[in-house]
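Novice: Sequence:
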Amino acid sequence: MNKLVIANLLHRPLRSIISVLAVAIEVVMILSIVGIFMGMLNDQKQRTNGVGADLVVLPSNASFMNGMSGAPMPIKFTEVFRRMPHVTVAAPVITNFSMGSSVEVLWGIEYQSYSAMKPFKFLSGGPFEGPYDVIVDDIFARSQHGYKVGDSISILNHSFRICGIVESGRGGRKLIPVDTMGDLIGSTGRASVIYLKADNPANFGLITNEIHATKGLGDYKVDTMEDIVSLYTPSKFPGFDLALNVVISIAVIVGFLVIFQTMYTAVLERTREIGILKSMGASKGTIITVVLRETAVLAVAGVIVGVIATFGVRELLAIRFPTFTVQLTPEWVGKGALIAFGGALCGSLYPAWMAARKDPIDALAYE
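The sequence shown begins at 5 in the numbering used here and counts up one residue at a time.
Wrong hints could be hidden among the right ones.
[Said to hold, decoys possible] As a list, the in silico DSBU-like pairs of lysine-lysine whose alpha-carbon atoms are at most 30 Å apart:
id, residue 1, residue 2
1, K49, K339
2, K80, K219
3, K80, K125
4, K80, K122
5, K49, K225
6, K80, K201
7, K122, K152
8, K122, K49
9, K225, K201
10, K80, K225
11, K125, K152
12, K152, K49
13, K80, K49
14, K122, K225
Hints are computed from structural coordinates only; laboratory data are not their basis.
From a predicted model like this one, the values you see are computed outputs, not experimental measurements.
Work out the full structure: start from the sequences and follow the hints.
Specialist: If you want it as structure tokens, here you go:
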């Protein structure tokens, strides 16, 4: 039976190759969309956690997602926080979602307070020297242009000089003075969030209570960085699960239809062969097994090609977009493989059932 299965697949090599590619495309679609989403999510999570703060103060209606809430908070509140007994550092930050030459979140920082939370590790250059200086991380600096200290880059349609290159993981990939950012986006004297550093983790509750007891700050949200970072999950991001389910559904339908057509056509072409098998005593279960075996071989080959192709896509994206992260986890590689394999088998069920129902006399008389 195994020889028969292989012979049937090799009899129509082009059709078999197309079926394998259909399953492979299904796997690539699933793993690519998951890898892109999870890569972006975990990269943002890591960089947010790398700020070095203990607490985050946000307006009551602000989103925890960087760059999505504008700059609604007066920077002058920073001085109020700095006077609180258990706050050692208060750093105002503006985050701005930009869709210029690339989609990114720009960060405006007050250098001294931001660095006081967790000192920068400069690989070259140093702090801001002027209002139109920018600090970039090493990943951005290694991008296709190969930036170095002294080079100029465009941010919000203004030219900025790279004054320093730091290790990645400090919030944004591009950091400019908070006052400059406020002027450029029309939010002078305002901030998106204010990060706080406490003298002791045991005093987080005391700081929160003091902030809420301060006039004008009662409605502000105070979250720990641990709580903020824990929110970076797919279920917390609008549209993530929907987009993922839509892509998976489309991929499964494509794989299902191609396998269905392949096996349906194969069964029609092999009517006489099926008649011979049944006349030799082959049961309905045996006939169904032959069709499913062929499908399984095509599906396994497609899954292998798809997984390899997905890793190739990741490498190509890493070369073309160095600041872009695509994360492929063993869990999702396994899920993608199972989804594609299951969809292919489902596509062959009706052709297998149709083959098993053929009357051997009619099949042998088939021309």
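Novice: Please verify whether K49 and K339 have alpha carbons no more than 30 Å apart.
Specialist: OK: K49 and K339 at ~23 Å, within 30 Å.
Novice: Mind checking the alpha carbons of K49 and K225 for me, to see if they're no more than 30 Å apart?
Specialist: With Cα atoms ~19 Å apart, K49 and K225 stay inside 30 Å; holds.
Novice: Regarding the pair K80 and K219, is the alpha-carbon distance no greater than 30 Å?
Specialist: Given that 30 Å is the threshold and the Cα spacing comes to 14 Å, the pair holds.
Novice: Regarding the pair K80 and K225, is the alpha-carbon distance no greater than 30 Å?
Specialist: 17 Å, holds
Novice: Against the 30 Å threshold, does the CA-CA distance of K80 and K201 hold or violate the hint?
Specialist: 17 Å, holds
Novice: Given the proposed pairing of K80 with K49, does the C-alpha separation stay at or below 30 Å?
Specialist: 28 Å, holds
Novice: For a C-alpha distance cap of 30 Å, please report whether K122 and K152 respect it.
Specialist: 23 Å, holds
Novice: Straight-line Cα separation of K80 and K125 no greater than 30 Å?
Specialist: Roughly 28 Å separates the two Cα atoms, so the pair holds.
Novice: Does the structure keep K225 and K201 at a Cα separation of 30 Å or less?
Specialist: At roughly 16 Å apart (the allowed maximum being 30 Å), K201 and K225 satisfy the hint.
Novice: Holds or violated: K80 with K122, Cα cutoff 30 Å?
Specialist: Between K80 and K122 the Cα gap is close to 22 Å, so the pair holds against 30 Å.
Novice: Is the Cα-Cα distance between K122 and K225 30 Å or less?
Specialist: 23 Å, holds
Novice: For the pair we were handed, K152 and K49, check the Cα-Cα distance against 30 Å.
Specialist: Answer holds: K152 to K49 is near 26 Å, not above 30 Å.
In this structure, none of the earlier numbered hints is contradicted; all agree with it.
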